[in-house]
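Enquirer: As you go down the protein sequences, you meet chains A and B in turn. Okay, so the first sequence: first residue is 1 according to the working numbering, each after it adds one. Okay, so the second sequence: first residue is 1 according to the working numbering, each after it adds one.
In short, the hints are calculated from the structure, not lab data. It should be emphasised that the depicted structure is a prediction, and the values quoted were computed from it without experimental measurement. In this text, a Cβ means the ideal position worked out from N, Cα and C, and glycines have one as well. Be careful, since some hints might not be right.
Said to hold, decoys possible - Simulated crosslink set (DMTMM-like; lysine to aspartate or glutamate; CA at most 25 Å straight-line):
1. B:Lys639 / A:Asp19
2. B:Lys242 / B:Glu481
3. B:Lys362 / B:Asp395
4. B:Lys580 / B:Asp550
5. A:Lys61 / B:Glu458
6. A:Lys67 / B:Glu458
7. A:Lys67 / B:Glu517
8. B:Lys561 / B:Glu586
9. A:Lys34 / B:Glu322
10. A:Lys61 / B:Glu322
11. B:Lys362 / B:Glu376
12. B:Lys629 / B:Asp602
13. B:Lys485 / B:Glu19
14. B:Lys485 / A:Glu10
Unchecked claim - Negatives, chain B to chain A, calculated, CB over 12 Å:
15. Tyr343
16. Pro500
17. Ala513
18. Ala534
19. Ala576
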Amino acid sequence: MTITPPILHENLPLLEVADGVLLDMIAADPQARKLILVRLSDRAAIVTPGGFDALLARLRKLGHTPKVVED
Amino acid sequence: MASTPRRFDAVLSRVGAAELKSMARMWGGGSQTRKDQCITLIRQGLADPEKVRAAVATLLPWEANALALLKAAGGALDGVALCVALRATGANLPGTRTPYGDDRANVLSVLIRRGLALSASEYSPTYMHDFGSANVYSDERLLAAAGLPEITPFKIKPIAPPDATIQRRPQSVALDLIGLLQAVENQGGIGLTQNGAPRVNDMRRVAKAVGWTEDVTQIDGLAFPNLAPGLIYALWHGGILKGDAALLNLAAPVNAFAAQSYAEQTRQVFHGFVQANEWDERGQQAGYFETARLIQARQALIIALTALPGQGASFFTVDELERALYERIGEHFSLSYLSGPPYSYGKTAEQARQELLAWQAKLRQNWLGSERVWLEHALATWCHFLGVVELGFRDKTLVALRLTDLGRAILHGEAAPAMPAPTAEARVAWVVQPNFEVVVYLDRASPEQLAFLERHAERFQTQQHVAQYRLTRQVVYTALESGSKLDRLLAALAGGAGRPLPQNVAAELREWAALREQVTLYRRARLLEFADAASRDAEAQRLSGAPVGDRFLLIGARQAKQMTGTRVREHVNYAAAPAKCLTADEEGIMAVSPRPADMLLDAQLGRWAEPRADQRWQLTQASVAAGLKAGGTLAELLKLLADRLIFPLPPLLEVALRAWAGEPSAVGLAGVTVLQCAQPAIFTAIVASLKLRRFLRGELAPDLVVVDRGQLDAFQAHLRWAGLAISPELTVKQRRQ
């Protein structure tokens, strides 16, 4: 099988959750929803450029304890 | 802010010939030695440790003390503070205070001529101001050979221990210091202003984190004004915090600080307080001249404490300490203006004696009203807070003091009895209760254990022998976020308790750690986007990445590095500026060309515009209103367009966007009758005419005036009377694009 080479996306702010319901819950919050730009799957979404820290703060405010992977 | 080691070599060429000859004497120079030879001799002498040792051994006691005090201060010290400190040691100094000069002339100029110190002024290394604050420093190689200051003990007698005394235990001191450092670390440092001062709000946040929220904090019932800022400045001056261009942060991790002995921990902060002239024990804002005087006073105080007989192990009255200090420095130091002794010229011996006595009486009176009050504040604030002194009270009035074991270790170093060294190894020091509270027995806890708890639990109460912490989800989360591991947390908690943790506590801690794994935020994720799921799955194992959705693979930095050349179809770096790929017209129609590989564009446009056919979008009043309603701002929209548009945004579209976003704008539109005249003289004659004024409504341009339409016939009649031909046509110009 010939595989078309993939596109490499680097330095992309990304949100990933263990369960799709969690992402639905997060997206139900208007302030958090504004900071989520593209939903890649039921468990992953691209964060708005420049919105990473605001989303982190918002998630903590909402009671989540997100694990932050800096690099 | 701790001073860096300095050497004389670089500034010797800026020292005058006369001073250089004097400085070179210590290294074999004489009155006939040329300037360049003097410089060579001094440099060679300082470069030879044997010669330095030999030279320092020949110093007079007060000169050796000056070096020792500079060494203790880190190499540099305010010039007057050095003189005051020397006086406080009881050293026999050259010269006395006269109406014509003080110790700056008597002492500092001698030290400079002897080659032991220089002014910190880079361009005038031998010049000392007659006023204000100016640092002096010594060469690090001289300081290396200097010993400890020789301090003549005061001739005062010990008293019986007072009934009521208070002192802080080293463990409590360590707890507060470690707690504050942990708060600074948790906050990611303290921002510095453009002037280099710590940001007030950041210091407030740190203060709040450790529970020192009031302007005046009560420590064992003693008022400590501005505790957090004072301590932050002391930590900075003590070298425990370090500042760069914009941030004040820990010079070393909290654990490294905690691993030191209690005496070493406190010594740095104690000497940091001496230099912290931004803070005043009395709670007032230190004035310009007072900043240097505070350092001078504190230098004198630490020497006075060191001069307590018997290493200060017994109690002494504050009255006697204060009196003894006054006798050494009272005529040479004041926190405010210090008047000089009276002139004796032209006076009889008796007159001169009477005036001198009156001057001395006035000095003493001023001292009791100012320096004595400050001394009590200093003892009751940082000296007590750092556990250096035990204070005795009578009717709530401070009457006596002695040095604690910690105080003797700090002030007398190796000459003091050894303090029990804290044990680094884990030992039973606390009880973990099922309600998540941890009761810590301070006597048993090592500094590392205290640092561990400050990092992983929330302290809510501290008493003389016991501190109480609470394990909370938030603190545990913060600790895990900053690199702690759950296994180590559980093991250390159980190790400190000497028994397994209560089951509910262990289970809950595991639950908190697991919750953290539920939501992950990648600041700089690397994703491979495949054409379809089958392609992705075929590569997933080889690249050891984590599948995301149907077509994506989350990979690490190492794998991303391998994805070069033909291995990838395209490479999108989201840290770089986004691809410019849009054109927009005045109708708000935006066309995408060329289509970028980034995954943001459609979603970004979809927030503000309506999709049209053929990769086109359109900004409409409704779509912009929807974008704003969803929480977007006009600034975000304009930035998106600026980032993505290949050509500038059409101005009319920008006007429309701003109006749609609610920015007020208005234009006037009405049918009017105008008179146009291309000849300035005729135009001026018409608009300036008293007869015609009633027909005119105002000028639109240098050749255009609005006419009252209701009187048009009458106006025309006047123009004809003036012989003017009236044309129905206007000359208009098209604006050039």
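Enquirer: Does each hint hold? Answer for all of them.
Expert: Each hint tested on the structure:
1. B:Lys639 / A:Asp19: 34 Å, violated
2. B:Lys242 / B:Glu481: 23 Å, holds
3. B:Lys362 / B:Asp395: 29 Å, violated
4. B:Lys580 / B:Asp550: 28 Å, violated
5. A:Lys61 / B:Glu458: 19 Å, holds
6. A:Lys67 / B:Glu458: 21 Å, holds
7. A:Lys67 / B:Glu517: 6 Å, holds
8. B:Lys561 / B:Glu586: 44 Å, violated
9. A:Lys34 / B:Glu322: 66 Å, violated
10. A:Lys61 / B:Glu322: Status violated; Cα separation ~54 Å.
11. B:Lys362 / B:Glu376: OK: lysine 362 (chain B) and glutamate 376 (chain B) at ~21 Å, within 25 Å.
12. B:Lys629 / B:Asp602: 19 Å, holds
13. B:Lys485 / B:Glu19: Violated, at about 62 Å.
14. B:Lys485 / A:Glu10: Status violated; Cα separation ~28 Å.
15. Tyr343: 68 Å, holds
16. Pro500: With a cut-off of 12 Å, proline 500 (chain B) remains clear of chain A, as the shortest Cβ separation is near 25 Å.
17. Ala513: 9 Å, violated
18. Ala534: 8 Å, violated
19. Ala576: 8 Å, violated
Consistency with the previously given hints fails for numbers 1, 3, 4, 8, 9, 10, 13, 14, 17, 18, 19, ordered from lowest to highest.
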